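Engineer: The residues making up each chain are set out below.
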Amino acid sequence: MRLQELLLLPAILIPTVQAIFADDAYHVDYHWALVGQPQQHATFFQQPFAGSKASLIYTLSAHNVLAAINPKDGSVVWRQLLTPSTNSSQTFLAAGEGQDTLISAVDGQVAAWSSSDGRMVWEKQLGTSRIKDAEIIDFEDGKQASTSKDAIVLMEGETPTVMRLNGATGKTKWQFADTSGDVPFQLSSSATSVYYIAHHGTFLGGYKIKVSSLSPVNGDKLDSYTLSSDSEVSSPESILFAGANTASPLLVWADKAHKVLKINIIGTKGVASFNIENKGSGEIERVTVHAPSRITSLPHFLVQYQTSLSQWAEVYHVDVNKGTISKAYDIPNMSGNGAFSTSTVDANVYFTRVTTEEMIIYSSASHGIVGRWNRKVLGASTEGDAYPLYGVTEAVVRSNTAQAVRSAILFSNGDWSLLRNGESLWTRPEALASTLSAVFTSYPEAETLAQQLDIEGHQNVVSAFIHRLMRHIDDLRHLPTWFQSLPTNLMASFGGATISPDSIKKDSFGFGKIVILATARNRLIALDTAAQGKVLWNVDVSSIAPGSKLTAPQLTSLPNGRVQITDPRLSTPIIVNALTGESNNLQSDIVTTVPTGQFSTVVEYTLKDGELQGHIFGRPDEVVWQFKPLDGERIHGIAARPLDDPVASIGKVLGDRRVLYKYLNANLVLVTGVSEITSTASVYLLDSVSGNVLYSASHRDVDTTRFIASTVSENWLAYSFTSASSSVGSRGHQLVIAELFESSLPNDRGPLAASGNFSSTDPSSTVGDISKPYAKSQTYHIPEEISHMSVTHTKQGISSRQILAVLPQSHAVVGIPRQIVDPRRPIGRDPTASEASEGLMKYAPNLEFDPKWYLNHKREVFGIKNVITTPSSLESTSLVFAYGLDVFGTRVAPSFTFDILGKDFNKPQMLLTVAALGVGVLVVAPLVKRKQINARWTT
Amino acid sequence: MRISLSALALVPTLLLAAPQPLTIYTSPVSSTSNTPATLLTLNYDPTTLSAEILSYNPPKDIPSGDPKATSSPLTRIFLNNPSSSPSVATSILSFSPTYQKTLILHVDDAGEIYHIGFATSGRGVQSPPNKAGNGENDHSAAEDEILVEVVKKGVGPQVHFNKPVVLNKEGKVEGKEPEKSFIQKYWWAIALFLLIQLVAGGGGGDEKK
Numbered sequence: 001m002r003l004q005e006l007l008l009l010p011a012i013l014i015p016t017v018q019a020i021f022a023d024d025a026y027h028v029d030y031h032w033a034l035v036g037q038p039q040q041h042a043t044f045f046q047q048p049f050a051g052s053k054a055s056l057i058y059t060l061s062a063h064n065v066l067a068a069i070n071p072k073d074g075s076v077v078w079r080q081l082l083t084p085s086t087n088s089s090q091t092f093l094a095a096g097e098g099q100d101t102l103i104s105a106v107d108g109q110v111a112a113w114s115s116s117d118g119r120m121v122w123e124k125q126l127g128t129s130r131i132k133d134a135e136i137i138d139f140e141d142g143k144q145a146s147t148s149k150d151a152i153v154l155m156e157g158e159t160p161t162v163m164r165l166n167g168a169t170g171k172t173k174w175q176f177a178d179t180s181g182d183v184p185f186q187l188s189s190s191a192t193s194v195y196y197i198a199h200h201g202t203f204l205g206g207y208k209i210k211v212s213s214l215s216p217v218n219g220d221k222l223d224s225y226t227l228s229s230d231s232e233v234s235s236p237e238s239i240l241f242a243g244a245n246t247a248s249p250l251l252v253w254a255d256k257a258h259k260v261l262k263i264n265i266i267g268t269k270g271v272a273s274f275n276i277e278n279k280g281s282g283e284i285e286r287v288t289v290h291a292p293s294r295i296t297s298l299p300h301f302l303v304q305y306q307t308s309l310s311q312w313a314e315v316y317h318v319d320v321n322k323g324t325i326s327k328a329y330d331i332p333n334m335s336g337n338g339a340f341s342t343s344t345v346d347a348n349v350y351f352t353r354v355t356t357e358e359m360i361i362y363s364s365a366s367h368g369i370v371g372r373w374n375r376k377v378l379g380a381s382t383e384g385d386a387y388p389l390y391g392v393t394e395a396v397v398r399s400n401t402a403q404a405v406r407s408a409i410l411f412s413n414g415d416w417s418l419l420r421n422g423e424s425l426w427t428r429p430e431a432l433a434s435t436l437s438a439v440f441t442s443y444p445e446a447e448t449l450a451q452q453l454d455i456e457g458h459q460n461v462v463s464a465f466i467h468r469l470m471r472h473i474d475d476l477r478h479l480p481t482w483f484q485s486l487p488t489n490l491m492a493s494f495g496g497a498t499i500s501p502d503s504i505k506k507d508s509f510g511f512g513k514i515v516i517l518a519t520a521r522n523r524l525i526a527l528d529t530a531a532q533g534k535v536l537w538n539v540d541v542s543s544i545a546p547g548s549k550l551t552a553p554q555l556t557s558l559p560n561g562r563v564q565i566t567d568p569r570l571s572t573p574i575i576v577n578a579l580t581g582e583s584n585n586l587q588s589d590i591v592t593t594v595p596t597g598q599f600s601t602v603v604e605y606t607l608k609d610g611e612l613q614g615h616i617f618g619r620p621d622e623v624v625w626q627f628k629p630l631d632g633e634r635i636h637g638i639a640a641r642p643l644d645d646p647v648a649s650i651g652k653v654l655g656d657r658r659v660l661y662k663y664l665n666a667n668l669v670l671v672t673g674v675s676e677i678t679s680t681a682s683v684y685l686l687d688s689v690s691g692n693v694l695y696s697a698s699h700r701d702v703d704t705t706r707f708i709a710s711t712v713s714e715n716w717l718a719y720s721f722t723s724a725s726s727s728v729g730s731r732g733h734q735l736v737i738a739e740l741f742e743s744s745l746p747n748d749r750g751p752l753a754a755s756g757n758f759s760s761t762d763p764s765s766t767v768g769d770i771s772k773p774y775a776k777s778q779t780y781h782i783p784e785e786i787s788h789m790s791v792t793h794t795k796q797g798i799s800s801r802q803i804l805a806v807l808p809q810s811h812a813v814v815g816i817p818r819q820i821v822d823p824r825r826p827i828g829r830d831p832t833a834s835e836a837s838e839g840l841m842k843y844a845p846n847l848e849f850d851p852k853w854y855l856n857h858k859r860e861v862f863g864i865k866n867v868i869t870t871p872s873s874l875e876s877t878s879l880v881f882a883y884g885l886d887v888f889g890t891r892v893a894p895s896f897t898f899d900i901l902g903k904d905f906n907k908p909q910m911l912l913t914v915a916a917l918g919v920g921v922l923v924v925a926p927l928v929k930r931k932q933i934n935a936r937w938t939t
Numbered sequence: 001m002r003i004s005l006s007a008l009a010l011v012p013t014l015l016l017a018a019p020q021p022l023t024i025y026t027s028p029v030s031s032t033s034n035t036p037a038t039l040l041t042l043n044y045d046p047t048t049l050s051a052e053i054l055s056y057n058p059p060k061d062i063p064s065g066d067p068k069a070t071s072s073p074l075t076r077i078f079l080n081n082p083s084s085s086p087s088v089a090t091s092i093l094s095f096s097p098t099y100q101k102t103l104i105l106h107v108d109d110a111g112e113i114y115h116i117g118f119a120t121s122g123r124g125v126q127s128p129p130n131k132a133g134n135g136e137n138d139h140s141a142a143e144d145e146i147l148v149e150v151v152k153k154g155v156g157p158q159v160h161f162n163k164p165v166v167l168n169k170e171g172k173v174e175g176k177e178p179e180k181s182f183i184q185k186y187w188w189a190i191a192l193f194l195l196i197q198l199v200a201g202g203g204g205g206d207e208k209k
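Line order of the protein sequences matches chains A and B. By full-length UniProt numbering, the letter at position 356 of the first sequence is numbered 356, and the numbering carries on one by one without gaps. By full-length UniProt numbering, the letter at position 202 of the second sequence is numbered 202, and the numbering carries on one by one without gaps.
Since the hints were derived computationally from the structure, they do not count as laboratory data. Predicted model only: the values in this text are computed from it and were never measured. Even glycine gets a Cβ: it sits at the ideal position worked out from N, Cα and C. A few of these clues could be false.
Computed Cβ-Cβ distance ranges for the label pairs, DEER-style [as the list claims (entries may be wrong)]:
{"no.": "1", "chain 1": "B", "residue 1": "164", "chain 2": "A", "residue 2": "558", "range": "54 to 60 Å"}
{"no.": "2", "chain 1": "B", "residue 1": "163", "chain 2": "A", "residue 2": "70", "range": "51 to 57 Å"}
{"no.": "3", "chain 1": "B", "residue 1": "160", "chain 2": "A", "residue 2": "90", "range": "48 to 54 Å"}
{"no.": "4", "chain 1": "B", "residue 1": "162", "chain 2": "A", "residue 2": "552", "range": "45 to 51 Å"}
{"no.": "5", "chain 1": "B", "residue 1": "174", "chain 2": "A", "residue 2": "125", "range": "47 to 53 Å"}
{"no.": "6", "chain 1": "A", "residue 1": "649", "chain 2": "B", "residue 2": "61", "range": "55 to 61 Å"}
{"no.": "7", "chain 1": "B", "residue 1": "191", "chain 2": "A", "residue 2": "901", "range": "53 to 59 Å"}
{"no.": "8", "chain 1": "A", "residue 1": "609", "chain 2": "B", "residue 2": "52", "range": "44 to 50 Å"}
{"no.": "9", "chain 1": "B", "residue 1": "174", "chain 2": "A", "residue 2": "75", "range": "30 to 36 Å"}
{"no.": "10", "chain 1": "B", "residue 1": "35", "chain 2": "A", "residue 2": "728", "range": "48 to 54 Å"}
{"no.": "11", "chain 1": "A", "residue 1": "609", "chain 2": "B", "residue 2": "168", "range": "57 to 63 Å"}
{"no.": "12", "chain 1": "A", "residue 1": "746", "chain 2": "B", "residue 2": "52", "range": "35 to 41 Å"}
{"no.": "13", "chain 1": "A", "residue 1": "901", "chain 2": "B", "residue 2": "199", "range": "54 to 60 Å"}
Keeping only pairs whose Cα atoms sit at most 27 Å apart, straight-line, the calculated BS3-like set for lysine-lysine is [as the list claims (entries may be wrong)]:
{"no.": "14", "chain 1": "B", "residue 1": "152", "chain 2": "A", "residue 2": "608"}
{"no.": "15", "chain 1": "A", "residue 1": "208", "chain 2": "A", "residue 2": "269"}
{"no.": "16", "chain 1": "A", "residue 1": "772", "chain 2": "B", "residue 2": "163"}
{"no.": "17", "chain 1": "B", "residue 1": "163", "chain 2": "A", "residue 2": "842"}
Just chain A, with the same shape it has in the complex (with noise of 0.2 Å):
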């Protein structure tokens, strides 16, 4: 006995832990590192330091997300994730010319990034006042150094603020407050004064625009004037445009109705007015204007009209001696959505316009074409009907004929493309970033099979075995195309070749599934897991159900390759073919009950006012159980056993052959409950049948405000927190897991021993306590917090497990196996050698994640909210999808790739060696057989 312990030792010393393999890093894995939609005023085309001749995109996205994008590829130069205390729908971006930083201004701070690496050079924190503009002071007033150039601020509040940073240190020069209660609206400057444009309510509901002058240098107020704008503003969103940092400040607004167009020069006091008329058909929804933002370019500016059928556009000069304002020229009428953006080229300015067929460049002082280009259809695009939004251009236009255009727009459909001369560029998938839930789903035809061997397996057998014939008469249809394909086969499995990515590879071992995704944006994405994360179809969930919005939405895998969605404000779920996005909405189809076949009674859980009620499925009134944490304490998380969740073994094997019986419930749930009075966090696992409490913990000094994750599996639990420092301990994040067995003796089944079935309900008639399992926990120390938990899903359960657990600090995703953080590694003392035996180590208080356990190697993955597991055709190997802002897939083999060859196992040596063995057979065969002859013929 002894000796067989001993020989196993060496067993202990393979690595338990299976890293990502150099070649496998960028094949296995895929990632959309997303910025979220770009924001039209946070958006703009710049060189990253004066004199550099190329320039990147830079954009503050809807998720506050500052990025820079090359344009040549689309890929992301650097982004900052921004994190603001409360929502704020208002984020500002701003650049001077020829500068090498960008200011960001989000809820309370402002900070200057530097533009070519993005590191932050200064930040600022104005406390719980959020801002309302952020601008950059484009001139020169003498004592300001040319290479920083100072931000200008206005704070909303009780009194609102202006406020002039340096530029290079972030320091206030002066601050302006408004005493007199106006509604602050935004800011512009002059190249002689800052002007602060507020709004004031009149008794008959609308608004009247105030503009006051300050002063640069000292931020004194030098005059005020007072537009009465309130017949034609009655809120604030009809101002249509406030120029910033143009030669002449353009105020533009518009009535309700879009009858009349209303523009004042700001620091005058005159206002011309134009009526709108209306060229196209339908209602005018949208009124935008397009204004260049260099100070040394012509005071030219573009009114864009959008009605849901056509758009059109008007161009405006502005005479600046004068003070007038004139209508220069039409650009005509165009059915469809279009999208106007500006760019100047020296003091010239151009507006280019970008519709679903066409790219066309205009010059600003007369209606001539200066380019036109149609758009060219992208060869594996998934715009379908998308539209082109808004965007930024950045042209080169020589004697009067544009050389390159190229432009960043974002379409309907969330994907945010570089048109170049009206090619497609790039395209980024950014509807992603929005996504609420996911769902993986598999092939209709690798479903079939396996629903065709299952049929086979619940047969008996004379009609199992007929099946099976016709099953393999029908498969010969496809013997043809087989021996056709047998060739590229070959090559492609000697000669190395990859799956090309533009084929929905029909792999054998499953790593080839659909994720469905649903995105606040109402949308609905598939990606295809084997061609990197290809996005394969993109609809619009409106088309699908009209006047429908996605707030919470469930998404279930059905059988043949279809998904079905179930949202609360959606009247009856949707179903959608996997494949291509069309839906089938059949009412047969949908799937309204669990399959009940097994069961006489279905419970189901919901989170209602705190409480947690079981209830009999579909039947909410018919509560079962209800579990409420004491007053103070509210439940902070819910995380149950998944579904599909198999177990191979029923029990663990001791290092000397005896066994614990797991204690293995299928309707486990685990309640995580803080109370913010006590500092206290709770674990509660219930039975989500009967409601029992089987095991509780709780743990002091806690800091509620940060994540706790937690997850069930098998007959574990894993949890982590952050604690708070106290008078024992210090701050610190710590992961818990504790292991449930049927009782604490090996070699005894407890309670359960006899029983073959158990209920929840039920009674027992077993002899002790079976609401009780043994719960065996440990903690650990672990280096950063975790936002989320989810753990492997093999096909079988044999594999060993591996909890993914998202790292929000280090952007990571780590996959800690389950087999180090064993709550049966001993304390205090070495590991004898039966432990030893089952590779448990010495208990560690500092649990370090692994170098190799990181699932993201070298790529950064920001905001991941989820993580899906699902299980591939080969037990080794479990299919990981991480989504939140970006995107991340990648496969794990927790256990080694045990059943599969690697890339580096050289298929033609292999061939090699069997034929020159062949060969060395066939040559020394006759001589032997002579030999022997000869032997016998000799004795």
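Knowing the structure of chain A, use the given hints to seat chain B on it.
Structural biologist: For chain B alone, coordinates are given in the frame of chain A:
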């Protein structure tokens, strides 16, 4: 009585700690008319975490039969607390006198009840910690009884730190022996080397001669 009064005056929080009368109800899940029936009344003492059963009325009309064969209706057992009304479900068959029944009171650190539980088991040779016979049903009084168990919320596992390093007044680790010098450590290797040199060198010299 006097003692409890003085305690009440000194520590007002102990007011909570006086034995609380509790009533546990049952009501069938499937029916629409929910008329709760009293299952048992008991006195619960949060200071000693003990409970005393005052009365027990098991539900009548328990269908006879094997629980595995028939689908038995669910019953909800609940506690009407002012702050929370925890409830659990069990089969109606659980109240059959064949089974040993246990009502579990889950309490927090302060002894306040946050949840209840219910468990059944076969009749064994257990010695019940607390039981009360049912006075009304005389014929089954010997068998039909219920146990009450008070379960305190567990304390989560703590990190087991290694032993801290203790320094003495000189700022050095106590009990650690001073490091041996190189000669002290490896004198035997040097001696062996010298011995080999002596023996081998001598022999070589002889041969040359």
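Engineer: Decide, hint by hint, whether the structure agrees.
Structural biologist: The hints, checked one at a time:
no.: 1; hint: B:164 with A:558: 54 to 60 Å; result: holds (58 Å)
no.: 2; hint: B:163 with A:70: 51 to 57 Å; result: holds (55 Å)
no.: 3; hint: B:160 with A:90: 48 to 54 Å; result: holds (50 Å)
no.: 4; hint: B:162 with A:552: 45 to 51 Å; result: holds (46 Å)
no.: 5; hint: B:174 with A:125: 47 to 53 Å; result: holds (48 Å)
no.: 6; hint: A:649 with B:61: 55 to 61 Å; result: violated (44 Å)
no.: 7; hint: B:191 with A:901: 53 to 59 Å; result: holds (57 Å)
no.: 8; hint: A:609 with B:52: 44 to 50 Å; result: violated (33 Å)
no.: 9; hint: B:174 with A:75: 30 to 36 Å; result: violated (59 Å)
no.: 10; hint: B:35 with A:728: 48 to 54 Å; result: holds (51 Å)
no.: 11; hint: A:609 with B:168: 57 to 63 Å; result: holds (60 Å)
no.: 12; hint: A:746 with B:52: 35 to 41 Å; result: holds (38 Å)
no.: 13; hint: A:901 with B:199: 54 to 60 Å; result: holds (59 Å)
no.: 14; hint: B:152 with A:608; result: holds (26 Å)
no.: 15; hint: A:208 with A:269; result: holds (13 Å)
no.: 16; hint: A:772 with B:163; result: violated (34 Å)
no.: 17; hint: B:163 with A:842; result: holds (14 Å)
When held up to the earlier numbered hints, the structure conflicts with 6, 8, 9, 16 and fits the remainder.
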